[in-house]
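Asker: Sequence:
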Amino acid sequence: MGRLSKWLMLLLPALLAWAVYAPAAGYGFVNYDDNRYFTENPHVLGGLTWENVRWAFGIHGPSMWIPLTWLSHQAMVSLFGTDAGPQHVLNLVLHAANAVLLGNWLRRSTGRAGLSLGVALVFAAHPLHAESVAWVTERKDVLAV
Numbered sequence: 787m788g789r790l791s792k793w794l795m796l797l798l799p800a801l802l803a804w805a806v807y808a809p810a811a812g813y814g815f816v817n818y819d820d821n822r823y824f825t826e827n828p829h830v831l832g833g834l835t836w837e838n839v840r841w842a843f844g845i846h847g848p849s850m851w852i853p854l855t856w857l858s859h860q861a862m863v864s865l866f867g868t869d870a871g872p873q874h875v876l877n878l879v880l881h882a883a884n885a886v887l888l889g890n891w892l893r894r895s896t897g898r899a900g901l902s903l904g905v906a907l908v909f910a911a912h913p914l915h916a917e918s919v920a921w922v923t924e925r926k927d928v929l930a931v
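Those letters in the sequence shown? Residues 787 to 931, by this note's numbering.
There could be a bad hint or two in this list.
[Claimed, not checked] Below, simulated SDA-like cross-link-like pairs (lysine to any residue); rule was C-alpha separation at most 20 angstroms, straight line:
1) LYS926 / ASN827
2) LYS792 / LEU888
3) LYS792 / LEU887
4) LYS926 / TRP851
5) LYS926 / VAL875
6) LYS926 / TYR813
7) LYS926 / VAL839
8) LYS926 / LEU857
9) LYS792 / GLY897
10) LYS792 / ARG898
11) LYS926 / ALA811
If you are wondering where the hints come from, they were derived from the structure by calculation, not from laboratory data. Values in this document were obtained by computation on a predicted structure and should not be read as measured data.
Could you build all of it, start to finish, from the sequences and the hints given here?
Answerer: This is the structure we're talking about:
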C-alpha cells in the first residue's frame, strides 16, 4: 500500500464523517435524556472533581455502568462549560476516529485496502449513526465502538 493510500485511509473517512455530521455542532441539548444525563445532573455540571469521579464509577439509571462516558462529560464541562456545541463536536470527533480505526483495522486484517476504505466510508456516513453523533447523551455509543 502506497503512502498516498495510507493517507486516504486516514483522511477520507474522517472528512466524510465531518461533512455529514458537522451541522450537529450547532445543535442544542435534546429534551429527552440530555436533561437527566447532563443539564440537570449536578455530578456532570460540577465538572471533574474527586467526588464526581467517584460518582462516575457507580451504577446509575437502569443498571448502567458507564464511567468513561460520565468522565468525558465532566471533563468537557471543566474545559468548555455547559454549552452543547463542544459536546456535539466531541461526539463527531469520536465517530470520525471510529471510522478511521475501522478502515485501518479492516485493511490490516484483510489486506484489501479499497474494500476496507469503502466500508469505513459507509460507516462514517451511515444514517444509523446520526443519533449517536447528534445526541449528547449517546456519547456512550461512540465511546463503545
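Asker: Which earlier hints can't be squared with this structure?
Answerer: none
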